[in-house]
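Protein chains in written order, with UniProt numbering: chain C, 43 to 253; chain V, 43 to 253; chain G, 43 to 253; chain H, 43 to 253; chain P, 43 to 253; chain U, 43 to 253; chain L, 43 to 253; chain S, 43 to 253.
These are calculated hints, taken from the structure and not from any lab test.
Rough simulated footprint, nothing fancy, chain C against chain V, three-plus residues with beta-carbon under 8 Å: (1) 149-155; (2) 212-221.
Derived DEER-like restraints, expressed as beta-carbon distance ranges: (3) L:109 <-> C:48: 44 to 50 Å; (4) S:157 <-> L:96: 45 to 51 Å; (5) V:60 <-> H:167: 28 to 34 Å; (6) S:67 <-> H:57: 49 to 55 Å; (7) G:98 <-> C:91: 46 to 52 Å; (8) L:94 <-> C:86: 36 to 42 Å; (9) S:113 <-> G:63: 51 to 57 Å; (10) G:63 <-> C:48: 33 to 39 Å.
Cut-off 20 Å, straight-line C-alpha distance, at most; resulting in silico cross-link-like pairs (SDA-like, lysine to any residue): (11) S:116 <-> C:45; (12) V:116 <-> G:248; (13) P:116 <-> H:248; (14) C:116 <-> S:248; (15) P:108 <-> P:49; (16) S:116 <-> C:248; (17) S:116 <-> S:47.
Built from N, CA and C at the ideal position, the CB exists for glycine as well.
Each chain, letter by letter, is given below.
Number of protein chains: 8
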Amino acid sequence: ARTGFAEVIYCSNKADEHLLNIFERLYREDGEVFGTRASQHQYELVKEKFPETEYDPISRILKVEKKDKKRIGKIAVCSAGTADIPVAEEAAQTAEYFGTNVERIYDVGVSGMHRLFSRLETIQSANCVIAVAGMEGALASVMGGLVSRPVIAVPTSVGYGASMHGLSALLTMINSCANGIAVVNIDNGYGAGYLATQINRLAAGTDEKGN
Amino acid sequence: ARTGFAEVIYCSNKADEHLLNIFERLYREDGEVFGTRASQHQYELVKEKFPETEYDPISRILKVEKKDKKRIGKIAVCSAGTADIPVAEEAAQTAEYFGTNVERIYDVGVSGMHRLFSRLETIQSANCVIAVAGMEGALASVMGGLVSRPVIAVPTSVGYGASMHGLSALLTMINSCANGIAVVNIDNGYGAGYLATQINRLAAGTDEKGN
Amino acid sequence: ARTGFAEVIYCSNKADEHLLNIFERLYREDGEVFGTRASQHQYELVKEKFPETEYDPISRILKVEKKDKKRIGKIAVCSAGTADIPVAEEAAQTAEYFGTNVERIYDVGVSGMHRLFSRLETIQSANCVIAVAGMEGALASVMGGLVSRPVIAVPTSVGYGASMHGLSALLTMINSCANGIAVVNIDNGYGAGYLATQINRLAAGTDEKGN
Amino acid sequence: ARTGFAEVIYCSNKADEHLLNIFERLYREDGEVFGTRASQHQYELVKEKFPETEYDPISRILKVEKKDKKRIGKIAVCSAGTADIPVAEEAAQTAEYFGTNVERIYDVGVSGMHRLFSRLETIQSANCVIAVAGMEGALASVMGGLVSRPVIAVPTSVGYGASMHGLSALLTMINSCANGIAVVNIDNGYGAGYLATQINRLAAGTDEKGN
Amino acid sequence: ARTGFAEVIYCSNKADEHLLNIFERLYREDGEVFGTRASQHQYELVKEKFPETEYDPISRILKVEKKDKKRIGKIAVCSAGTADIPVAEEAAQTAEYFGTNVERIYDVGVSGMHRLFSRLETIQSANCVIAVAGMEGALASVMGGLVSRPVIAVPTSVGYGASMHGLSALLTMINSCANGIAVVNIDNGYGAGYLATQINRLAAGTDEKGN
Amino acid sequence: ARTGFAEVIYCSNKADEHLLNIFERLYREDGEVFGTRASQHQYELVKEKFPETEYDPISRILKVEKKDKKRIGKIAVCSAGTADIPVAEEAAQTAEYFGTNVERIYDVGVSGMHRLFSRLETIQSANCVIAVAGMEGALASVMGGLVSRPVIAVPTSVGYGASMHGLSALLTMINSCANGIAVVNIDNGYGAGYLATQINRLAAGTDEKGN
Amino acid sequence: ARTGFAEVIYCSNKADEHLLNIFERLYREDGEVFGTRASQHQYELVKEKFPETEYDPISRILKVEKKDKKRIGKIAVCSAGTADIPVAEEAAQTAEYFGTNVERIYDVGVSGMHRLFSRLETIQSANCVIAVAGMEGALASVMGGLVSRPVIAVPTSVGYGASMHGLSALLTMINSCANGIAVVNIDNGYGAGYLATQINRLAAGTDEKGN
Amino acid sequence: ARTGFAEVIYCSNKADEHLLNIFERLYREDGEVFGTRASQHQYELVKEKFPETEYDPISRILKVEKKDKKRIGKIAVCSAGTADIPVAEEAAQTAEYFGTNVERIYDVGVSGMHRLFSRLETIQSANCVIAVAGMEGALASVMGGLVSRPVIAVPTSVGYGASMHGLSALLTMINSCANGIAVVNIDNGYGAGYLATQINRLAAGTDEKGN
Ligand SMILES: Nc1ncnc2c1ncn2[C@@H]1O[C@H](COP(=O)(O)O)[C@@H](O)[C@H]1O
Ligand SMILES: Nc1ncnc2c1ncn2[C@@H]1O[C@H](COP(=O)(O)O)[C@@H](O)[C@H]1O
Ligand SMILES: Nc1ncnc2c1ncn2[C@@H]1O[C@H](COP(=O)(O)O)[C@@H](O)[C@H]1O
Ligand SMILES: Nc1ncnc2c1ncn2[C@@H]1O[C@H](COP(=O)(O)O)[C@@H](O)[C@H]1O
Ligand SMILES: [Mg+2]
Ligand SMILES: [Mg+2]
Ligand SMILES: [Mg+2]
Ligand SMILES: [Mg+2]
Ligand SMILES: [Mg+2]
Ligand SMILES: [Mg+2]
Ligand SMILES: [Mg+2]
Ligand SMILES: [Mg+2]
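Take the sequences, apply the hints, and build the full model.
What follows is the structure, encoded as structure tokens:
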């Protein structure tokens, strides 16, 4: 693609026939396909026709990926709790599909900050950091205070009561007193992985092409 | 008072005459008076009649206090930024007036967490901790993860844009993933100081009477 | 645990295998396990492997508890309506698991305040009071006016229409004109039971260890 | 008027000339005039032309009233705090102007409920009760639980932080678990006094005419 | 009951056994029982034990009612659309159960106002009017402008999009520029029927006893 | 202009020099100028340089208008209350400036609907109707039920309490059960006048040019 | 009908019997029937009795339409994404049923604006344009900047996270800086098609009758 | 500084003495100082002591800057309207102070998109783009669709009515359907300039040090 990013399928609520059509078109054009928010049913549907299709029930990513793709640079994907991992994985796998090396640092929320500190060097050496957190979303601020590269904050809908399906975490992140925090939509792991790839490519001096 | 807490005056918007009347009644009953949210004008008004009146323009507390009051136990009052100090001082001075020893640990927000860590022992030894923060209010969660006594979280109206005059910080604190966080209203330093005193008295085994 | 509080499992939405793994680890470490928001299905799953597991469908608490644990001090758990009892029980059983004596005073909302007054002495003698209420949540304010120890207010999602799933009750409690009200998240019985235990331990002079 | 209620002037933001014109027209039609939300300036303006005009700076009511008007029945107007009195007075004086006997019972909020109980008989004997409260607005629910006649709940904008200029009190009152609560807009003392008069007239068997 | 109103069961979400117990107790005490928000399943459950039980699937009211109860006075229950009828019927049948004569005037919303005008005389002769409307809820204002007795406004959750499950209609009604509008919670037909009965009794001079 | 609409100045908050510059440029280009939300000060500023400038303190419109401009078709501008007239006048004068004949029908809100009915024929004969209303904004729905041409609904910030500066009226209008209602932003008389002109031109068969 | 628009059935949640009754009545009166938000089940129900009934599962429109109806003028219906097509089709088919020629221009959102520009001439030649968009709803503003006829903006509930079921798109559209934008409720394709028809008739000089 | 970013002063609401102290400390440490949200009064205050201080009343930036600082790379700062320029300038000048070359492209909102297209090449050649917009904030989405580098979206509080002081623009940007959009707080030009500098440094291969 002109932007250096292949077209991606947002599978949620797509009708079977519609999904198959797009999948086939992209497969023909690019030789590989990447879909987000896919259901088990959609996996089975697509697999029948494209047996090399892979599906990860955690991130809900459905893909056919070319072998031996090169990855460049490095980003870190951090999550606050185990319940945030599906969104973190959507981010990590999106970035990897677009050619980025990814370090995963999960379950390092503010109630277990010692775990965060034990991985700090790895985090600080990444070209950018994705911080995924629900409930009150304080991880993004803490991260922003500890690293000097851009932090992409992803609020998640994890929580209950006054979390208002992620709105509270979003507000926390938007109001962060730390510098260098970029916020994306609630549960938007895909968007975070995309943005992190843009920044990582700039850092690696490879820009739009990713190679 | 039956509850071990003297009646307090909320000075904001009180008419001059009305304020003077209450002040006088309380002075006669208790020999001391404590008012919050007072203006410079109210200070001058009251001082004329009660020359021993003191006023702190930061916390906006107006008081006549008996000499040689004993203080017991210990609480810690922490603030994220310097702009949160007026609320922190309202909390600290309220607790002190009600007979509590107070440690002040200011400007220890998440963008300068090293300062927080350098004071950690003091904080952890308090009977309870008041965490005052505006903007995204992440301090309360960080504090909750580091201390095992109750943390009273006070959101402040410090911030702009999506801080919505403190509502964002309030939501952050209510949704905290850390355990042992008790939330009070936005800018309610008084309420935090009161609650901290209740807890400190229980810890000191002196309960309602404070002595 | 360092904090004097064992790790607890938040069972909601945990995958079967994941839940069994944590359960087993905690069982090995602590000899007892406590889980909140568990389903009947999760109970059956766990029970197969740990036959001494108990489950309470009201509070949705799943646990294996050591025999002959000592309890100290006393707290009171009050609920406004019968629909609030699941949250009240989550609070009460959490506190009991952590070693606190609990008095239950249910169905004492403002439309039946005579029932509240008939139990007032018991309530006033507790080290702290948990007030659980949905709809308009006025119970917390009433309670705050009647007792001089800390009141932990738990808004519940009980109600309909403008109750907005508990947000109205939360706002009522945060804005309370009574002193000494500490608010936690909507339906967060666990958090209230934890906080009450912290306070009760301080009052009992046993602090972090609970014994 | 056809409805048994004279036309009333809402003075807020009315231009001087405009106000004088309406005042004059109503004076000519009815021989008396009633205006709400009037400023001191508007009082002086009107008084110059209609020297018998009276103004109450608390309720901000501006009026010329006929002598010897009869009042019927009885309503009770209760307020939670002293800061709610301006709204309570708007309600009380509106009802009086429309021919209703009014009992005032002020400063009986939930943190001083003994005062409320000491006046309970008076309250229970009224044809209907107006409950005026800001902050968390719990007074309406408490009142609804104690009286069996209609309770008109008036939220006020008194409070700060999460009171959101009266929205919290409004939500409390709309969600009340007590029966027989009718809610009007924030600070709408006039509307409450009008509604109470309608009910009082029905109770007194005099209906629309008020005599 | 002391208030002249029998205790009523809010059936929604009540466990079978719990419902049967309350039903039985009330049947023994009062010889009749009234339940709202009941399901078809709850009807069958109760009917087995109390074969004289009646159930209306529209209003979802479940009851055993004494024969030959007298009704007094008159109220009017108006609805804007056909989708609002369940709430209107909850209001109407509640008022009837408590001894009030009810006129039903349905489907008279602002897009068919001629139907409203053709019934105006009936509406104006009622002791009070209940206006039930969803979507934008304009019926309450229109009604308030046409009748001089109290109008009880019931917003409903009928609508979609920006109706926000009834909040928009609630706001419309609370802000009404018409006089004499009393608002209750979204979908709260029961509360409206209760309040209307209180007013109707006052008008009929029979007050609390309803006879 | 290509669109048939001259460029307009939104004067609010414009610096003096900046305003004069734009004014001068437009005057040179078009021979006439139209500004909205202008202050008295801005009028005096502009008048000094362009003595033929006119200013209407009600609508706050500042203009130099060519003589003998032709107007076509007809629209009706209706307002609910007198406080809504500034917004109604912004709409009416905008439409007139753009060449539309305007009928003004003010103070016809739902509490005085007889006045509305007495002007109905005029309203129904317009090519489109602008309905301007604050508080609960019910006028738009009533109008939509009575006319079969498009109704442009303009919520205003008139009101207090739960009117939330016009948001309540906006929601009322967006949720209207009547057909053919087009909503614009709160207080956006200009936008309504523009849209009405577009429709009026289409109806008059003159389209973009307005002549 | 008097308004030139036949009565339409809003099928959502209508009981079977009720739906059949209205369908039959309208069929008898008009010889054709149009229903929106119909389910597959309702289609089968109606088809049994009226075998000529057609159903479109995308728009969920259920209808019996007279043959050889004439269409006049032209409007354009544009959608941002494929997920917005159901709402766009509700708009398009409503307008067609009421006698309007419709151009469909789908999938022209701001991330693929070249597609929009390639159809611009068609769009600019329509009497009015309907812009259907979810997520951030920017299409309406872009469209408003490009065409000089009225743009009817329809926010959709497509999106997730902070889209708040369409409220974000609604706010975007209401705040549009472009001129000539008329907003309707979220997902209200029907309302947009109705309004567009009103405008198209005026432009075609055929007004209420549509012929 | 460790992060490669000097400490910055947020001047808003700082007391005179407090501001002077920080200014002096930073001046001594860094030889230059940068303050945002400064008032004219603060400028005069500081200038007296540090005569080389510069102040820009548009961006409200107050600074002493070293001569001959090198700038690297390139970013583009775009604004939708002229009213958004203060925020855009805060962003641009912040980035410049931190050593970034900045292209300014102002007044290119969606109602004048041709101006945007005429500058497209410049925009697309920047390492990252800052899009500043109030009202409905559509510029960010349009920009995201046109450039393949990261877009930092800054909502502004410009607008009225339903713009809710910038919340609408914030929501628009967070929900953008375009890829590669990073959102910061309302009016947070400083934060955008900081983040853009981080990205620009990575692209220029100079990272934290900026040289
Ligand atoms: N999980 C996701 N969240 C947000 N946007 C996505 C996601 N996955 C894909 N997208 C975007 O949606 C576009 C495809 O949308 P669609 O045409 O509806 O399949 C992709 O090109 C991406 O820009
Ligand atoms: N019902 C509950 N509500 C809120 N927090 C809980 C609840 N139950 C457990 N927790 C907290 O969640 C932590 C476990 O979360 P997780 O690792 O996701 O199982 C516990 O250590 C508690 O701090
Ligand atoms: N009162 C108003 N409300 C909304 N938009 C307006 C108003 N007056 C003028 N406008 C629009 O604002 C544009 C001028 O904006 P500006 O360039 O900031 O002066 C005009 O061309 C109109 O599109
Ligand atoms: N999809 C729709 N969205 C909004 N209003 C609709 C829709 N379909 C029909 N209507 C309106 O609803 C009316 C019928 O409502 P009802 O009497 O409840 O069937 C029609 O006359 C239309 O005015
Ligand atoms: Mg940082
Ligand atoms: Mg802790
Ligand atoms: Mg108390
Ligand atoms: Mg009662
Ligand atoms: Mg009336
Ligand atoms: Mg119409
Ligand atoms: Mg246009
Ligand atoms: Mg892009």
